[in-house]
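Kindly generate the complete structure, drawing on both the sequences and the hints.
Residue numbers (the working numbering), protein chains in the order written: chain A, 1 to 208; chain B, 1 to 493.
No incorrect hints appear here.
Listed next, the stretches of chain B that the computed footprint assigns to chain A, with coverage defined by at least 3 CB atoms under 8 Å from CB atoms of chain A: (1) 364-371; (2) 463-470.
Which bits of chain B does chain A cover? Going by a derived footprint, with three or more residues having C-beta under 8 Å, they are: (3) 349-356; (4) 383-394; (5) 402-410.
On the chain A side, residues computed to face chain B include the following (Cβ under 8 Å): (6) Ser69; (7) Leu75; (8) Glu82; (9) Leu84; (10) Ile85; (11) Ala89; (12) Gln101; (13) Pro159; (14) His161.
Since the hints were derived computationally from the structure, they do not count as laboratory data.
Just so you know, even glycine gets a beta-carbon here, dropped at the ideal spot from N, CA and C.
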Amino acid sequence: MGRVDFSNLPTAGTLSRAQNVLAVGDRIALRKGRIHEVTGPGADVFAAIAASEQDQGILWIGLHRDLTSLCPTGLQAYLKVEDLILVEAVSRGELLWAADQALRADGGFCVILEMPDLLSLKESRRLQLAAEQGGGLGLILLRGGVSTSAAQTRWDCAPVHADHPAWDWTCVKGKNGEVGAWRVHHDSGSLGGQNAKDTLHMAPAAPA
Amino acid sequence: MPRILSIWLPQLPLDRLTRQDDPRLSGPFAIIAEEKNAWRVTHANDAALKAGTVAGQALADARAICPDLLTEPSDPVREDLLLRALWRWADGLSPRVSLDAPDGLLLDITGCAHLFGGEAEMGREALTRLNDLQIQAQIGIADTKGGARALARFGPQEVSLAPAGDLAGALAELPIAALDVPDKMVTELARAGLTTIGHLYQQKSGELARRFGLHLTQALQTATGVTPDPVTPKAADPTYAARMTLPEPIGFLEDLENVLRRLATQICGRLSEDQRGARRFHLTVRCVDTGDHPLSIGFARPCSDPEAVLLQFSHPLSKLEIEYGADWFRLVAEHIEPIRLKQGSFGEDARRADQRLILIETLGNRLGFDHVRVFRPRDHHVPELEFGQVEAAGAEAQWHSAPRPRPIRLFTPPEFVQVETPGRPPLNFKWRRMSFATDRAHGPERITPRWYREEDPRTRDYWTVQTDQGRRLWLLNYPGEETEDWYVAGEFP
Chain A
1 MGRVDFSNLP TAGTLSRAQN VLAVGDRIAL RKGRIHEVTG PGADVFAAIA
51 ASEQDQGILW IGLHRDLTSL CPTGLQAYLK VEDLILVEAV SRGELLWAAD
101 QALRADGGFC VILEMPDLLS LKESRRLQLA AEQGGGLGLI LLRGGVSTSA
151 AQTRWDCAPV HADHPAWDWT CVKGKNGEVG AWRVHHDSGS LGGQNAKDTL
201 HMAPAAPA
Chain B
1 MPRILSIWLP QLPLDRLTRQ DDPRLSGPFA IIAEEKNAWR VTHANDAALK
51 AGTVAGQALA DARAICPDLL TEPSDPVRED LLLRALWRWA DGLSPRVSLD
101 APDGLLLDIT GCAHLFGGEA EMGREALTRL NDLQIQAQIG IADTKGGARA
151 LARFGPQEVS LAPAGDLAGA LAELPIAALD VPDKMVTELA RAGLTTIGHL
201 YQQKSGELAR RFGLHLTQAL QTATGVTPDP VTPKAADPTY AARMTLPEPI
251 GFLEDLENVL RRLATQICGR LSEDQRGARR FHLTVRCVDT GDHPLSIGFA
301 RPCSDPEAVL LQFSHPLSKL EIEYGADWFR LVAEHIEPIR LKQGSFGEDA
351 RRADQRLILI ETLGNRLGFD HVRVFRPRDH HVPELEFGQV EAAGAEAQWH
401 SAPRPRPIRL FTPPEFVQVE TPGRPPLNFK WRRMSFATDR AHGPERITPR
451 WYREEDPRTR DYWTVQTDQG RRLWLLNYPG EETEDWYVAG EFP
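Structural data, given as structure tokens:
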């Protein structure tokens with residue numbers, strides 16, 4: 001929902017508007033049928049904005065503590081809460097199984113997985129294969145550090161001190177070489193307002 | 001004039017065990033239940049009765065009287081299942097059968113008796129059939145429900161019959177307990193010298209109602225047929241179940257799936273004929289060596305599609321360990337609900353809704369349906385109560401926006417903050433072992449809790465704080481408390 005504008009340093013490659021690419025704003029492209037890793041304290045809102053860009057169902061998979069702290073009255077500014085399905089797992093095995101099933105399912109769901117610890121290469125490869133089969137978008141919020149993985153991209157997201165809500169989104173790994181850093185600003189007037197179209201405004205050119 | 005046949009099953013819990021050839025029943029044996037804060041005997045077999053045990057006796061007393069007494073706690077669920085099985089069985093006697101829980105059945109036999117050669121013959125026939133099933137019964141036949149019940153329980157013979165039109169005469173000799181009145185009232189009436197129903201006839205009903213309440217006169221009137229009290233027949237719910245027995249055990253997954261497909265096709269065919277669907281399916285696989293293996297699956301909506309049943313069973317079936325094969329299968333559909341016919345998957349939205357439900361079913365069957373949820377808005381002013389989570393299966397997706405901007409993460413309970421430079425809100429503080437400095441703060445937003453509920457009665461002040469480090473936190477403070485503690489209640493994006 002909404003349009004996202006970015007300023008960035010250095011410039012990312014031109015965005016291909018192919019069918020299998022999810023465009024977040026004008027500059028950032030997340031390939032569908034792939035998994036993407038997100039770290040840092042701003043990971044939630046990155047996932048929410050990315051999920052809102054596609055108009056499919058969204059699954060938020062996590063442990064009890066992750067899902068009970070999630071607040072829809074705050075999320076409503078970024079995504080359609082009625083599209084959101086919460087999946088509570090009680091163990092690491094269930095987390096991975098649920099993410100695998102959701103990514104593999106017909107319908108190309110957007111799957112947000114909150115991972116409390118490291119994801120091994122084998123596990124991320126399995127999730128990657130599942131995402132290729134289902135054609136959805138996998139976003140893995142890594143809470144317990146990063147390791148070698150089969151993910152398409154890895155993003156480090158942090159809120160920054162600014163006049164308006166703003167975040168630095170840094171792509172630290174990209175399989176196709178599309179790394180870059182962006183500062184994303186949020187229109188303060190629409191912060192948490194009605195579930196209407198929000199616009200993320202382009203920041204004045206500032207180094208991220 | 002209607003004719004009612006009442007079947008009383010006085011020893012139903014014991015009969016249940018007799019039918020299972022329980023060896024304990026050869027000696028003194030009793031069924032016990034917890035009543036009035038003590039374990040009491042509810043049903044005792046002949047040997048126990050001979051030894052002096054009676055129903056209603058405390059277990060300790062019964063053991064003192066009869067040291068050899070063996071007991072078993074009552075199992076109301078299984079007893080009810082047996083009674084319901086008999087309910088279906090009674091279809092063979094009359095088409096109008098109603099349940100008289102916990103230990104009886106009522107049959108409207110108007111116009112049925114001649115098929116058995118008369119009412120008395122019909123009663124004896126029913127008794128013989130029940131005895132063949134190893135179930136003890138007593139039967140009463142009368143013009144009314146109350147009369148038939150009274151005759152079945154207190155009648156002189158196993159099959160007691162009140163001739164048509166002379167119910168009052170037949171009931172006159174019976175004790176007052178035969179009426180549907182509380183035990184306490186029976187005692188009170190006995191004190192007044194009224195012990196049989198016949199005694200009540202001689203009293204003016206106005207006097208009886210004034211002294212003992214309307215309940216007594218009503219019970220008397222319904223029993224004698226002055227006020228109508230028809231049998232409300234309810235056909236037993238049809239069971240959607242199918243079983244298959246094979247001459248040779250099978251063990252390959254493909255073969256199992258073929259068996260399941262046949263069973264599912266049969267059940268789902270019947271379900272869709274009745275325009276119904278089931279929310280749960282149970283499959284029992286009996287292995288030749290390891291016995292029964294129960295498997296079950298659930299659905300997010302009523303389902304009558306055999307392929308969907310097969311799809312959801314594929315995971316539990318693949319987990320099943322079969323060494324020597326299985327030769328007996330039974331599939332039962334439960335939680336039957338009507339399916340409202342609607343236009344089939346047509347267009348993008350319907351297809352998407354289907355995909356969503358299939359995914360919810362897949363996840364719910366493994367993780368439990370209570371672990372797959374959606375948010376639901378609530379009308380409330382306390383931040384953590386503005387929304388709730390409900391099971392996604394069966395819930396319509398709906399959301400309406402809350403009026404105020406809230407954090408994206410809400411910590412309940414709020415997390416304690418270590419204040420380093422005090423202020424309102426604190427200028428420097430530590431949270432989760434990270435140091436923060438307040439740059440800008442917006443607030444307070446004061447929220448008063450629900451004083452009329454048993455919950456935290458403190459007033460809350462919330463501050464939106466932009467820290468120098470970048471993170472935007474929602475700080476919480478309880479004004480008017482002795483210690484000025486600060487908490488992080490949530491984090492804005």
